[in-house]
Amino acid sequence: MIRALLKKQLLELCAAFVRSSKTGKRRSRVGTFGYTLLFTVLMLLVMLSFGSMALPLAVTLVPQGLAWLYFVLMELSALTVSVLASAFTSYGHLFRCRDNQQLLALPIPPGAIFAVRCGGVYLTGLIYLLLAWVPSVVCYALAAPCPGGALLAALPVALALAGVSMVLAVLLGWAVALLNRRARHKSLVTVVGTLLFLAVYYAVFQWVGNAVDALALDAVQAGASASRAAAPLRLLGLAAVGNVPALLLLLAAAAACMALCGKALAKPYLRLLTLEPGRTKAEYRAKTQKKQPPRRALLRRELLHLGACPMWLLNCALSSLLLPVLGAAALWKAADLRAFTVAYLPESLPMLVCGMVCTIAAMNFITAPSVSLEGSTLWLLQSLPVAPQQVLRVKVELQLLLTLPGAWFCAGCAMAALRIPAGQGLLVLVVLAAFVWLTAQMGLALGLCLPNLHWVSEAAVVKRSAASMLAMFGGWLLAGGVLFLPLTLLDYAVPPLAAQGCCLAVLLGLDLLLHRWLCTRGAARFAALH
Amino acid sequence: MLKIEHLTKTYGGKPAVQDLCLHIRPGELCAFIGHNGAGKTTTLKCCCGIQQFDAGEIYVDGISVRDDPLECKRRLAYLPDDPQLYDYMTGIQYLDFIADIFGVSAAQRAQRIRQYGDAFGLTPDLAQSIGAYSHGMKQKLAIIAALLHEPKLILMDEPFVGLDPLASHQLKTQMKAFCAQGGAIFFSTHVLEVAEKLCDRVAILRKGQLVREGSMEQVRGDDTLEEVFLELEDTGEAL
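Protein chains in written order, with my numbering: chain G, 2 to 531; chain C, 183 to 421.
This is chain C alone, in the form it adopts within the complex:
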C-alpha cells in the first residue's frame, strides 16, 4: 500500500531523511518511532505530497507520489501532529467541505458522520465553531475527517496527543478495524507501549536513517520495545 524507496530529503544541504526504504502492505498497522527531529514528520509529509523530496520514490497503492500526487491524495488521509483546522467553520461545515472535496455522496457522508461522530462523542458539538473547540476536539474532528472518504492508507503524526482516554481507546479500536478491512496505517508515536500493543510492524528512525524495521516480534525479540529503542539510541547501530 505504501512503498518508500531510497527516500532522501535535505533542508539547506542538511539531510533530514537519508535513503529510507520501507514497505507497508494492506492490512498492516505500522508504528514509526524515533527521537525528536529524527525525520518522522518529514517522511510522513513526503508520503502525502505536502513536501517535495530530493531523491527516491514513494508509491501509494502503486501510484507514484511524484508523478501523480492528486491520485495518491485521493487514496490516503493525513493527520498532522497539531491539526490546525479552519476556525471559521463549524465542525459539520468542515466535514462537509472534506466530503465535497473527496466526492463522498450525500447518503454516505451522513451515515459516516453519524457513525464516527457518535464513536468519538463529537456529534453534539458539530454545530459549534471549530474556533471554540479544544485541542482534543479538533483532533477528534480531524480523525473523523480522515476516515470520511474511506481511504486505503492513513498517515498519522502523533495521533494520540491531546485525546482523552476514551477517545484514545476509540481511536485504537477504529485503527484496528480499519486495518482489518484491508486498509494500512503508518503513524508516528513516542508512546512506545501503545506501539507495542497496537502494531504488527515497527520502523525505528535515527537521525534520518532507518535503524530497525520489521514485524513487532522481529524487532523486539525478548525485550520490550522501549529497551530496543534505548539500546539503538545508545549504540547508533544502523540497519
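The following block holds chain G by itself, in its conformation from the complex:
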C-alpha cells in the first residue's frame, strides 16, 4: 500500500517530465528529453552560483585544516535553502491536496497518507538542499588533497540534513493547520504564521552564524581546536569531512527527529485533515453594489485569488513586503549604508541601487503561476465576454501594482540615504518601472508557454513548475544585466545618465517585444488552453 502511495507521490512530483501539463497527454521522448535538459541546465546554473560562493571559502579554510568549519558553513547554508524552500509549501502539501477525500475514502491508514506526504516534503527539501550541497562537496574536492572521506559522507549527510529540514517544515505546516482550524482568515494566518516562523528561523540562524564566526576566530587562533561550547557544530562539520562517529551521530540524531515527529503527528493527522470546526454562517444582507468596469472586476478577482492562496502569496509576492522593509532599513541605517558604499565611485551609486532593488523585485513573479492556477476554472474566463488580451493585461497589472510602489519606495529611501542627485534618481525610478514591467510580462509569457492546468496541489505550479523557476532565475539574470550593463558602459567613459539611458532603452525594447507577443500569440495561447 505504501509502495502504491509512494508511486503516486513520485508520479505527482515527476509529472511535468513525463506528461504535458498543457494537454494532459504523455510527452514524446524528445519532449521528455527536452524538458529534462531544461531542468538540468537550470539546476546546473543554480549550482554554479552556489559553487562560486563555496570555492573561495574552500580554498581559504581547507588548506588551514579547517575543513570541518567549511562544511559547517556550507551545511547551514544548504539547510537554510532547503527549509526556506519547503516551509512555504508544507501546509499545502500536507493538508490541502485535492485528493484528500479520494485517499481517505480508500482503505488506507491516515498515518500512511501522512508518511507519504512527509516523503514528498522530504524530497522537495532534498532537491533544494542538493542545489547548495553538491557544489559545496565539489569545491571541497577541488581544494582538498584527499577528499575521499568527504565524498563518501556527502550522501548520508545530505539525507540527514534533508530529514532535519523536513521535520522543521512539517512542524510549521502542522502549526499553521492547527491555527487555521479556529481562524476566520485562514490565508492571513498561514502567511503571518509562515513569516513568523521564518523570522524565528532567521534569528536562530543569525545566532548560529555568530557562534560560527566566534568558532572560526577561536579555531584559527588555537590551531583548529575549538571551544567546548561549539562542539555540536564541530561535530556537524566533522561528519561531512568523513569522521565516522560524528557521521553516525548525525544520522542517528536526524532519524530520531524524524521518528519523533512521525510518532507525535501521525495519529492526530486524520482529525486535523477532516475536522472542520463549526463556523458561524455569514449572514447575507442585500446591498446595492456599484457597477464596475470589467477591467476593475478582473483586477479585483485576481487580488481575491492571490489573497486566498497563501502559497502563491508567500512564494511569489514576498518582495512586496521585503522592499518597503528594506527601504525603511536603508533610511534607518543610512550612515552604515554610506560607509559601505564609500569605496564605489559616486556616479556608479544609482546603478548599484537600481541593480540591488531589481534583484529583490525579481523575487516577485506573481504572473508566472497565475495562468496555471486558474486550473479547472479557466472555462469561466474563456466563456465570458472578455478578450484574452484583457485578462493577460490585468495579470501583469497585478504584479506591477504589488511590486512597483515598494520598489520605488525602497530605491527612493536608498537614494535619499546615499544622497543621490534627483535627476539620476528619477532615471533610476523609470528603469525600475521598465524592469518590473518586463519581469511581469516575462513571467506571464512563461506561464503561457509552460502551463499546468491539471495540478493536484498548488505547490506543483507555484513551487515546482518550470515557469516559476525560469521566471525567478530569469528575473535575477535580468537584474544582473541592469546592474552590470551601465557599470560596464561607465568603464568605457560613457556619461552616467547615458549609461542608464542605454539600459532603459534595452529594457523598453524587450518590454515592447514581449507586450506584442502577449497581445498576439500569448492571447491566442490563452484562448486555446483547456
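Hints in this document: simulated from the structure, not taken from any laboratory.
Careful: at least some of the hints might be erroneous.
With a Cα cut of at most 27 Å, we get these calculated DSSO-like pairs of lysine-lysine [to be verified]:
1. LYS320/C - LYS291/G
2. LYS358/C - LYS379/C
3. LYS334/C - LYS292/G
Here are some of the chain G residues that sit facing chain C, going by a computed Cβ distance under 10 Å [what the hints assert, rightly or not]:
4. GLU284
5. ALA287
6. PRO295
7. LEU299
8. PRO386
9. ALA528
Over the 10 Å line for every Cβ pair with chain G, so calculated as not near, a few chain C residues [claimed, not checked]:
10. ARG207
11. GLN363
12. GLU395
13. GLY396
14. THR406
Note that the Cβ used here is the ideal one computed from N, Cα and C, for glycine as well.
Got chain G sorted already, so can you dock chain C onto it with the hints?
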C-alpha cells in the same frame, strides 16, 4: 438564434463532431442527447467559443462565433456539466463579478439576484464562500449567474445533475419562462424523460454525427424518446 453549419471538430485527427448542422430559433427549447463521448460537450463548447473548431460555422444571433467571439459571448450564457467556480469568492462576490463583466447596472443586478436567489433558495447562502458550497449549490449559483445578464441564448451541459427536486423543478420553470420571453435554450441531457416533457425540439448525436433532429413529435412519432434513442443506437442509422 443558434445556427450551426457543417461543424467539424477533431482531436488529434480523430473526429469528435462531423458535419453537424442545426438551427435553433428564438423561443425554442432544444434537447441535445447522445451517448457518452458522442460529442455533445464539444459542440456546446464550440458554440460558446471555448473551443476552436476545424470546419464549418456557428452563428449566435446572426454573429459568427469565429469572427466575433466576444459579441457572441455577450449574447449567450454557458453552463458546464461540472461548474467549477471561484472558490476564493463568496456567492455574492461571484455574481457581482459576472454582472460587472456583462455590464449589468446596479439596480438590475440587485433585482435579479433577489429574484433568482429566492427562486433557487440560495439567497441566505450568498455571503458564504463558494469553497464551502455543495455541488448542488454551485450548480444553482452558476444558473443564477447565467441568467443574470438576460442572455438571448443559454447553452447548458447536463444542467439537472446535482440539483435537488425542488431546484430541478425551479430550473425547468425558469427554462420555460426564459423561452416564453423569446430566448433560446440548447442543453444536453441523459434524462430522456425530462427532455421529452420539457422540450419542443430534440437533436440526437451518435459518434459525432447528427442522426435525428426535429420537433419532439416528429422525432418521437408514436414511441417514447427512449425507444427512439435506443433504436437509433442499435441500428446506427444516420440522418
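Tested hints:
The straight-line distance between the Cα atoms of LYS320/C and LYS291/G is roughly 24 Å, inside the 27 Å bound, and the hint therefore holds. Taking the CA atoms of LYS358/C and LYS379/C, the gap is about 11 Å. The hint holds against a cut of 27 Å. For the proposed pair LYS334/C and LYS292/G, the alpha carbon gap of about 22 Å is at most 27 Å, so the pair holds. Look at GLU284/G: its Cβ gets to within about 6 Å of chain C, closer than 10 Å, so that hint holds up.
Look at ALA287/G: its Cβ gets to within about 6 Å of chain C, closer than 10 Å, so that hint holds up. Taking 10 Å as the C-beta contact cut-off toward chain C, the hint placing PRO295/G at the interface holds, the least distance being around 5 Å. A distance limit of 10 Å between C-beta atoms decides the matter here; for LEU299/G the minimum to chain C is near 8 Å, and the interface restraint holds. Below 10 Å, beta-carbon pairs count as interface contacts, and PRO386/G has one with chain C at about 4 Å; its hint therefore holds.
With 10 Å as the threshold, the beta carbon of ALA528/G comes within range of chain C, its nearest partner Cβ sitting at about 8 Å, so the hint holds. Its beta-carbon lying about 23 Å from the closest one in chain G, ARG207/C satisfies the requirement of being farther than 10 Å from that chain. Non-interface call for GLN363/C relative to chain G: holds, since the shortest CB-CB distance, roughly 21 Å, exceeds 10 Å. Even its closest Cβ contact with chain G, about 25 Å, leaves GLU395/C beyond 10 Å, as expected for a residue assigned away from the interface.
Every beta carbon of chain G lies more than 10 Å from that of GLY396/C, the smallest distance being close to 28 Å; the non-interface claim holds. For THR406/C, the requirement that its beta carbon stay farther than 10 Å from each beta carbon of chain G is met, with the minimum near 34 Å.
Violated hints: none; the structure is consistent with every hint.
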